[in-house]
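S.K.: Using the sequences and the hints, build the whole thing.
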Amino acid sequence: MLSPVNVSLESLNLITLAPMLIPVIGALLILVIDIIKGGLDKSLYVVLSILFLALDFGALLESAGVFSKEGIMLGVFDVMLIDGLAIISQFIIVVTSMLFIPLALTNKRFHEFSYPEFFALFLFMIAGFQFMVASDNLILIFVGLETASLALYTLIAMHNRDKSFEAAVKYFTMGALAAGFYSFGSMVFYALTGSIEINQIAAVLEANNYADIGFVLVGVVMMLGSFGFKLSVVPFHTWTPDVYEGSSAAMAGYMSIVPKIAAFVVAMRLFEFLIHAHIVWLEVVLYALVVITMTAANMWAIVQTDVKRMLAYSSISHAGFVMAAILIGTTQSNSALFLYWILFSFTNLGAFSMLWISRQKELPGYQKTDHSFEKFSGMIKTSPMAAIIMGLFMLSLAGLPPFALFWGKIYMISSAVTGGYTVLALIMALNSAIAGYYYLKLIVFMFMKDPIESNVDNNGQLYVANATTALKTIIGFAIIGTVFAFVALDSLLEFVTAFVYNSGY
Amino acid sequence: MLDHILSILIFFPAFAGVMGFMINKESMRAYGTAVAAIEFALSLWLWFSFDNSVSGMQFMEHMALIPSFGINYILGVDGISLFIIIMASFFTMIGIASLSPAHSIKNMIITLLFLQMTMIGVFAALDAIVFYVFWELSLVPMLYLIGAWGGPLRIYASVKFFLYTFTGSLVMLVGMLFMAYFFYQATGVWSFAILDWYRLILPESFQLWLFAAFFFGFAIKVPMFPFHTWLPYAHGQAPTIGSVILAAVLLKMGTYAFIRFSLPLFPDASVFFMYPIAILAIIMIIYTAMVAYAQKDIKQVVAYSSVSHMGVIILGTFALNVEGISGSIFLMIAHGVVSGALFLLVGVIYDRRHTKLMSEFGGLAHVMPRYATIFGLMLMASVGMPLTINFVGEFLSLLGFYQQSHILTLLAGIAIVVGAIYMLTAFKKIFFGEVTNEKNRNLPDVSKRELLALIPLSIITVWLGIYPKPVLGPINNSVEAVVQLMHNKATSHEAKMRIPNVSGVVISKTAMKEGH
Numbered sequence: 242m243l244s245p246v247n248v249s250l251e252s253l254n255l256i257t258l259a260p261m262l263i264p265v266i267g268a269l270l271i272l273v274i275d276i277i278k279g280g281l282d283k284s285l286y287v288v289l290s291i292l293f294l295a296l297d298f299g300a301l302l303e304s305a306g307v308f309s310k311e312g313i314m315l316g317v318f319d320v321m322l323i324d325g326l327a328i329i330s331q332f333i334i335v336v337t338s339m340l341f342i343p344l345a346l347t348n349k350r351f352h353e354f355s356y357p358e359f360f361a362l363f364l365f366m367i368a369g370f371q372f373m374v375a376s377d378n379l380i381l382i383f384v385g386l387e388t389a390s391l392a393l394y395t396l397i398a399m400h401n402r403d404k405s406f407e408a409a410v411k412y413f414t415m416g417a418l419a420a421g422f423y424s425f426g427s428m429v430f431y432a433l434t435g436s437i438e439i440n441q442i443a444a445v446l447e448a449n450n451y452a453d454i455g456f457v458l459v460g461v462v463m464m465l466g467s468f469g470f471k472l473s474v475v476p477f478h479t480w481t482p483d484v485y486e487g488s489s490a491a492m493a494g495y496m497s498i499v500p501k502i503a504a505f506v507v508a509m510r511l512f513e514f515l516i517h518a519h520i521v522w523l524e525v526v527l528y529a530l531v532v533i534t535m536t537a538a539n540m541w542a543i544v545q546t547d548v549k550r551m552l553a554y555s556s557i558s559h560a561g562f563v564m565a566a567i568l569i570g571t572t573q574s575n576s577a578l579f580l581y582w583i584l585f586s587f588t589n590l591g592a593f594s595m596l597w598i599s600r601q602k603e604l605p606g607y608q609k610t611d612h613s614f615e616k617f618s619g620m621i622k623t624s625p626m627a628a629i630i631m632g633l634f635m636l637s638l639a640g641l642p643p644f645a646l647f648w649g650k651i652y653m654i655s656s657a658v659t660g661g662y663t664v665l666a667l668i669m670a671l672n673s674a675i676a677g678y679y680y681l682k683l684i685v686f687m688f689m690k691d692p693i694e695s696n697v698d699n700n701g702q703l704y705v706a707n708a709t710t711a712l713k714t715i716i717g718f719a720i721i722g723t724v725f726a727f728v729a730l731d732s733l734l735e736f737v738t739a740f741v742y743n744s745g746y
Numbered sequence: 002m003l004d005h006i007l008s009i010l011i012f013f014p015a016f017a018g019v020m021g022f023m024i025n026k027e028s029m030r031a032y033g034t035a036v037a038a039i040e041f042a043l044s045l046w047l048w049f050s051f052d053n054s055v056s057g058m059q060f061m062e063h064m065a066l067i068p069s070f071g072i073n074y075i076l077g078v079d080g081i082s083l084f085i086i087i088m089a090s091f092f093t094m095i096g097i098a099s100l101s102p103a104h105s106i107k108n109m110i111i112t113l114l115f116l117q118m119t120m121i122g123v124f125a126a127l128d129a130i131v132f133y134v135f136w137e138l139s140l141v142p143m144l145y146l147i148g149a150w151g152g153p154l155r156i157y158a159s160v161k162f163f164l165y166t167f168t169g170s171l172v173m174l175v176g177m178l179f180m181a182y183f184f185y186q187a188t189g190v191w192s193f194a195i196l197d198w199y200r201l202i203l204p205e206s207f208q209l210w211l212f213a214a215f216f217f218g219f220a221i222k223v224p225m226f227p228f229h230t231w232l233p234y235a236h237g238q239a240p241t242i243g244s245v246i247l248a249a250v251l252l253k254m255g256t257y258a259f260i261r262f263s264l265p266l267f268p269d270a271s272v273f274f275m276y277p278i279a280i281l282a283i284i285m286i287i288y289t290a291m292v293a294y295a296q297k298d299i300k301q302v303v304a305y306s307s308v309s310h311m312g313v314i315i316l317g318t319f320a321l322n323v324e325g326i327s328g329s330i331f332l333m334i335a336h337g338v339v340s341g342a343l344f345l346l347v348g349v350i351y352d353r354r355h356t357k358l359m360s361e362f363g364g365l366a367h368v369m370p371r372y373a374t375i376f377g378l379m380l381m382a383s384v385g386m387p388l389t390i391n392f393v394g395e396f397l398s399l400l401g402f403y404q405q406s407h408i409l410t411l412l413a414g415i416a417i418v419v420g421a422i423y424m425l426t427a428f429k430k431i432f433f434g435e436v437t438n439e440k441n442r443n444l445p446d447v448s449k450r451e452l453l454a455l456i457p458l459s460i461i462t463v464w465l466g467i468y469p470k471p472v473l474g475p476i477n478n479s480v481e482a483v484v485q486l487m488h489n490k491a492t493s494h495e496a497k498m499r500i501p502n503v504s505g506v507v508i509s510k511t512a513m514k515e516g517h
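Sequence lines, in order, name chains A and B.
When the first sequence is numbered by the numbering used here, its final residue is 746 and no position is left out of the sequence of numbers.
When the second sequence is numbered by the numbering used here, its final residue is 517 and no position is left out of the sequence of numbers.
Think of the hints as simulated: they come from the structure by calculation, not from any bench.
One or more hints might be untrue.
[Unchecked claim] Computed list of lysine-lysine pairs in BS3-like fashion (alpha-carbon distance at most 27 Å, straight line):
id: 1; chain 1: B; residue 1: K440; chain 2: A; residue 2: K690
id: 2; chain 1: A; residue 1: K690; chain 2: B; residue 2: K107
id: 3; chain 1: B; residue 1: K297; chain 2: A; residue 2: K682
id: 4; chain 1: B; residue 1: K440; chain 2: B; residue 2: K297
id: 5; chain 1: B; residue 1: K26; chain 2: A; residue 2: K622
id: 6; chain 1: A; residue 1: K622; chain 2: A; residue 2: K609
id: 7; chain 1: A; residue 1: K682; chain 2: A; residue 2: K404
id: 8; chain 1: B; residue 1: K161; chain 2: A; residue 2: K682
id: 9; chain 1: B; residue 1: K107; chain 2: A; residue 2: K622
id: 10; chain 1: A; residue 1: K690; chain 2: A; residue 2: K404
id: 11; chain 1: A; residue 1: K602; chain 2: A; residue 2: K283
M.R.: Spelled out as structure tokens, the structure:
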């Protein structure tokens, strides 16, 4: 006979759901507004999204406060797990989204922003990512992952160009494959341990001393494949440049940051206990993946002729660099991962926004793609301010001090040094040197070549054609974050380290 | 104000550079000269208030930057860095003042002011990361200077310069992170402060690896023999002002860093690597001298001779005794003055004829007597004539190394004599004989603007050649402290032997006096 389910509402700890529910409510509200009165301007939806994200941010502050007092929180039948990792990554997700969404307020009209559904999907996607990072239940992670991914595919397709459809379909197919890998991997772990909670899986495997190592490896391979796709680790990266090229520059910048931090957090939860159990095979494979991803992506980036594709490969390389943190697996390396990603999000969003404000509707003859290198030649003569700003972002991406990414880089390399990975530290350093070449290539075009005639005539109007006050403000934020990162670094580092350490990573 | 004079020296030019965006294009050179003159006056004031009797750091500044990771903004000067800072501000001043008209001169002057910030920052920084920040940042203005105002191959040259140095310094950065980690292991605190690192005694095996990592970064910057290939391109393509600053100041960053980092941090490794490095230095002296002899372009002759003299600086540094190191620091100043002046002189003739090929010239002594005189003086200084500034430095460097190895010193000495051959040949080709090329017949002699830069340099060349004490005194004082530190820190017997005990010498001298 079934006994009546008797759960007190307090034990559910529903407050843990608040940060995810806020964007969901926001998305529903946007849909309702559209039903009541259609044809409203995009600015309304942009501001509404920002407001809901701000509320979300407030809820996160609240949980951060609770976490620093009481430690890890569980909720909703222990499915939700609010620890330091979840909180920091949600901060990154929400803040980056807040910086991204005003990029919809462009000067030129773009198809996708005229649909309120775009903003609703955007908020659903954020909720999905938030669920993904705030759980160690493999099923909830899967649900969050798919919610976010399906929304993202649609957002890309809404850009409404041939290449965008191609990108969306490509991303969708690859994503479906990754989802298949993921569910198969989860199944193997469930079959092995009878649990879908990562900490339970770890405990059971620990207890029987990894007796079924063969099956564990099958599960790990599946999971590696799945997260390889999501993190665009070589050789699972093939979709990345095409998808970035097909989506708008703003979207590409967003995709290089937010989905990846969510995947990093899950990968950290999943692989870290295996690394600490000294499964040599996983260490070797991860080591190889990290090195190959960094190096190969850098090589490909060198030969690109389009700035956006170059940045796509560069973001693959950065992801590989950061993957090293999971391999090293110390508190310092995990903090370095978050620090790096926070600094990276400012710089990369800035770089992609600079591409976004120079987006044309029709391409002149000398330009084969939206953002070919030739487009930027001699930019210093026609619009010096924009050239200097773009140059700053490139120098930061190359890891030149004192700009933002340099600090992330030294902390990451230092964590490799302290973790005993001397050769890896050297490889990471040398890869930064290789990467220097292609970032420099854009600087060479901007500062050392002569401008193309038509650009001189219209006084560099091209580079800011799409700019509005909102976009310029976002770029201003990105610059402040990039140039003055060292001011906030100490408190940032302490905050991140404390949160990572207190979550037991 | 004296408490923060180093910060002011570093950030004043950068601030002025930002403000420079508001200045009208026509008035830009006057503005740049004024800023650089103020900066030079400040650096002279620094010298004036510098206490010559103190061997340690002065005008220290300390500000927390990222204390939880041991990174702090620490500045200070001692006798080793003081004169290089003065030289950096001096060369920026005369460089801007004598700038020949070029396109987008406003951008050029702003770039130079930023470059000045990074140069002074490198020599004043006492925290490894702050040092690294300025060290790397100095690449960017130089990249732009060469790439935007250079010759036909400017883009190749500038990118090669950037990537070469960038790669080397990243390896050095890994070395720095290791050093900080060892410090953390020994003390439980993260620190990148150089003065903290001085207190850390490392086992010899660690020293060797770290020395190699730092060496990679420094050697590319100097540039030492197998890593020198970027320099002829950079010099060949750079505009005059770029070559002047590159030769006079930027190359000194490498040799300065050897004295600031490698020697006191890794005394055993320094002794271990003394001979290999000395041999590299001698190859560098002889090989580049031979290459210089084969050049057709005046600027390349000067560039290769500049590399050749950098070899002597390295040799002096790795003599590991007071004479050698003091001599090499003095030679850094001398080399800066002389090769800076030579590049300016090449720029003078290039502005008139837009060619640097020696075959285009001949008999210029008849047409431009004043130019020929100054060129002759600088050339004599460059080959190390007694009573010129270079002689003092070269002599002391070789004297220092003579105590370590007689044969190698002899080789280096011969190579310096060989250096005279290519320089004199070049001088003969350009200045003596009949005027063969009609275009040269009516060239104007050096103008007032050019003299503004050349005369002070000539005066310094002779003055410090005859009476080097005002500069050599403070240098010597600080070097003694460094050598003593190395001697105390050395762990191996060999190193204790090779690095003299300075205070011991002083004590024995006083003991002798008492004995009398």
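S.K.: Evaluate each hint against the coordinates.
M.R.: Cross-check of the supplied hints:
1. B:K440 - A:K690: Outside the cut-off at roughly 32 Å; violated.
2. A:K690 - B:K107: holds, 17 Å
3. B:K297 - A:K682: violated, 32 Å
4. B:K440 - B:K297: This hinted pair holds, its Cα atoms lying about 19 Å apart.
5. B:K26 - A:K622: holds, 14 Å
6. A:K622 - A:K609: holds, 23 Å
7. A:K682 - A:K404: holds, 26 Å
8. B:K161 - A:K682: holds, 12 Å
9. B:K107 - A:K622: holds, 12 Å
10. A:K690 - A:K404: At roughly 30 Å apart (the allowed maximum being 27 Å), K404 of chain A and K690 of chain A break the hint.
11. A:K602 - A:K283: Holds, because 19 Å separates the two Cα atoms, which is no more than 27 Å.
When the structure is compared with the earlier hints, violations turn up for hints 1, 3 and 10 and for no others.
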